[in-house]
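Engineer: These protein sequence lines map, in sequence, to chains Z and D.
The working numbering puts the first residue of the first sequence at 1, with every later residue one more than the last.
The working numbering puts the first residue of the second sequence at 1, with every later residue one more than the last.
In case anyone wonders, no lab produced these hints; they're calculated from the structure.
Do not take every clue at face value.
Derived Cβ-Cβ restraints for the label pairs, each shown as a range [to be verified]:
#, chain 1, residue 1, chain 2, residue 2, range
1, Z, I102, D, N188, 20 to 26 Å
2, Z, K101, D, L6, 18 to 24 Å
3, Z, K296, D, L6, 37 to 43 Å
4, D, W25, Z, I294, 50 to 56 Å
5, Z, P59, D, I159, 53 to 59 Å
6, Z, S271, D, F24, 44 to 50 Å
7, Z, P132, D, T214, 22 to 28 Å
8, Z, Y196, D, N188, 35 to 41 Å
9, Z, L38, D, A44, 43 to 49 Å
10, D, L220, Z, E97, 25 to 31 Å
11, D, L6, Z, E189, 39 to 45 Å
12, D, I32, Z, V208, 27 to 33 Å
13, Z, A242, D, L46, 35 to 41 Å
C-beta atoms are modelled at their ideal positions from N, C-alpha and C, and glycine is treated no differently.
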Amino acid sequence: MRRANSIRKYFFNISYLYALPILVIFLLVGSIIISLFLASIDAFLKEGLTVYTSNVWDPHNNVYGGLAAIYGSIVVVLIAITISIPLSLSLAIFLNEYAPKILRQILINISDLMASFPTVIYGFWGLYELSPLLKGILFTWLYENFSWIPLFSTSPYGPSFLLAGIILGIMITPFASSIIREVYSQIPETIREGVYALGLGKWEIIKVSIKYIKSSIISGFVLAFGRGIGETVAVALTVGNALNITPSILAPGYTIPALIVNQFGSTYYPSLQASALFALALLLFLIGTVMILIAKFVTLRGE
Amino acid sequence: MRLKDLIIMFLISIGTIIALLPFFWILLDIVIRGFHVLAQRGIAFLIDMPPLPGEGIGGIGTVLEGTLFMVGIGALIAIPVGLFAGIYITFYPTSLLAKLGRGLVEIMIEYPTIIIGITVFLIVVIGLNIGTSAIAGGIALSIIMIPYTTLQVAEALKIPKAQLMEASYALGLTTKNVIRILLGAGKNGVLTGILIGLAKISGETAPLLFTTTTSFNLYLASPLSPVSGIPVLIYVYAFSPFENWHSVAWGASLVLVLIVLAIFILSRFIIWRTK
Chain Z
1 MRRANSIRKY FFNISYLYAL PILVIFLLVG SIIISLFLAS IDAFLKEGLT VYTSNVWDPH
61 NNVYGGLAAI YGSIVVVLIA ITISIPLSLS LAIFLNEYAP KILRQILINI SDLMASFPTV
121 IYGFWGLYEL SPLLKGILFT WLYENFSWIP LFSTSPYGPS FLLAGIILGI MITPFASSII
181 REVYSQIPET IREGVYALGL GKWEIIKVSI KYIKSSIISG FVLAFGRGIG ETVAVALTVG
241 NALNITPSIL APGYTIPALI VNQFGSTYYP SLQASALFAL ALLLFLIGTV MILIAKFVTL
301 RGE
Chain D
1 MRLKDLIIMF LISIGTIIAL LPFFWILLDI VIRGFHVLAQ RGIAFLIDMP PLPGEGIGGI
61 GTVLEGTLFM VGIGALIAIP VGLFAGIYIT FYPTSLLAKL GRGLVEIMIE YPTIIIGITV
121 FLIVVIGLNI GTSAIAGGIA LSIIMIPYTT LQVAEALKIP KAQLMEASYA LGLTTKNVIR
181 ILLGAGKNGV LTGILIGLAK ISGETAPLLF TTTTSFNLYL ASPLSPVSGI PVLIYVYAFS
241 PFENWHSVAW GASLVLVLIV LAIFILSRFI IWRTK
């Protein structure tokens with residue numbers, strides 16, 4: 001009787017009006033997965049997995065393999081993360097350890113504004129302001145002095161893996177830093193009291209704090225990886241758009257989202273080319289989802 | 001202070017400056033270059049059509065109209081869905097539907113927006129045979145906005161719920177009335193959540209590239225006809241070789257930045273007033 005009551009309570013108390021939007025969200029996510037999969041079937045049937053593993057993108061002969069774009073996506077995001085790690089950690093630590101209250105509030109607002117800035121503007125600025133500047137100074141210097149290292153072995157050309165990586169690094173820093181900053185501010189006071197009691201200073205406090213929130217920092221950068229790999233227009237504007245697999249990060253390259261947006265306009269639908277692009281989008285979706293799940297897992301285990 | 005502590009302070013300050021410097025640099029660049037363009041054309045820049053290659057500055061009237069309309073449609077769909085989903089998640093946090101819904105929304109917020117654009121292309125533009133149109137662009141933007149609004153609403157209602165819910169029920173109020181009271185108490189937070197979603201979708205480019213047009217000489221005729229947006233114009237013109245199109249893109253960047261900035265400042269003002 002009691003059980004029947006609670007079931008009735010469960011079913012009749014819930015206002016269906018409020019549950020409906022949740023169902024809409026389920027439907028949305030479900031249809032994203034299904035439609036992407038259906039649209040890429042054609043490419044999988046005709047090309048098999050070579051749509052991911054071969055480096056030929058030849059509309060004339062109707063053969064499509066996106067390996068160069070997959071390679072480029074990973075290279076660009078790794079550069080971005082490498083740049084972002086010291087910057088976002090610095091920003092998060094500065095806000096929590098050094099900034100006076102008013103400055104802290106101002107900088108948090110600026111960082112949040114940076115994170116919600118239109119990404120196309122970062123790309124536009126990167127292409128017309130940063131690119132000529134870096135090409136003239138940093139890229140040329142790297143090439144002239146370090147071209148014996150494969151990483152810098154091609155002559156500098158503004159738009160490149162490196163330029164796109166730098167732009168993406170600038171963009172994901174406020175995002176990664178906001179995650180770190182939140183967790184950092186929740187570190188129990190007892191931890192720093194312990195360090196002070198030992199007669200130690202800021203250096204040790206920061207070291208201990210970073211260690212304490214290590215798993216959150218890792219999951220923050222995993223999430224940033226997922227965001228970065230899906231970033232489209234800012235990277236498309238700065239990566240150079242050339243199907244290149246080369247160890248040199250000074251060379252122009254391609255990424256998955258850049259390839260999709262640039263090829264899409266000149267593609268008929270339905271066609272094998274469109275289907276290959278959808279197969280790449282499906283891969284992007286899977287990478288993104290795996291990154292989110294890893295990030296959640298790392299956070300959970302850390303707790 | 002020990003040397004070690006000085007060094008770490010120095011390094012962290014340098015890192016912070018490098019992290020935030022690009023923002024000021026970008027802002028300064030856009031204000032200077034964009035103002036130059038806007039000053040040349042005045043208010044006509046917001047009304048006229050974009051120019052032909054090599055023929056002056058013209059304006060961004062078509063894409064400004066497109067952006068406002070598509071963001072409006074996005075908000076019209078996303079606000080009720082996000083609001084009710086957020087209320088549901090707050091009210092029935094232990095129910096399976098709410099748990100799954102919350103998890104899904106947290107994943108959805110991380111989806112690359114290009115994926116949303118492609119899906120809306122497949123389902124709305126092709127599947128429902130609506131074609132590239134303002135409404136398809138608006139739908140894509142709404143899907144991007146929904147998770148932001150949902151999570152913000154859930155966050156905004158958390159505190160009033162803990163404080164007021166039991167008291168409200170103790171007064172014998174029905175669920176409907178309790179929800180109304182909580183929304184009243186959390187209204188600033190809810191509003192901020194909506195504004196953050198709006199700022200986010202105003203600057204979105206990738207989803208519009210799949211769902212609307214890249215020709216910029218169309219004023220809005222009907223929701224079913226294609227119209228483009230400011231971010232798309234910046235993207236396409238940035239790739240073009242024409243000097244005057246670059247100028248238009250700088251002017252358009254300034255307008256876009258002002259829109260996003262206005263929404264952002266409004267949202268911070270609401271938070272500040274609440275405190």
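Engineer: Kindly indicate which numbered hints from before are broken by the structure, ordering the numbers from low to high.
Structural biologist: Hints 4, 10, 11, 12 contradicted; others consistent.
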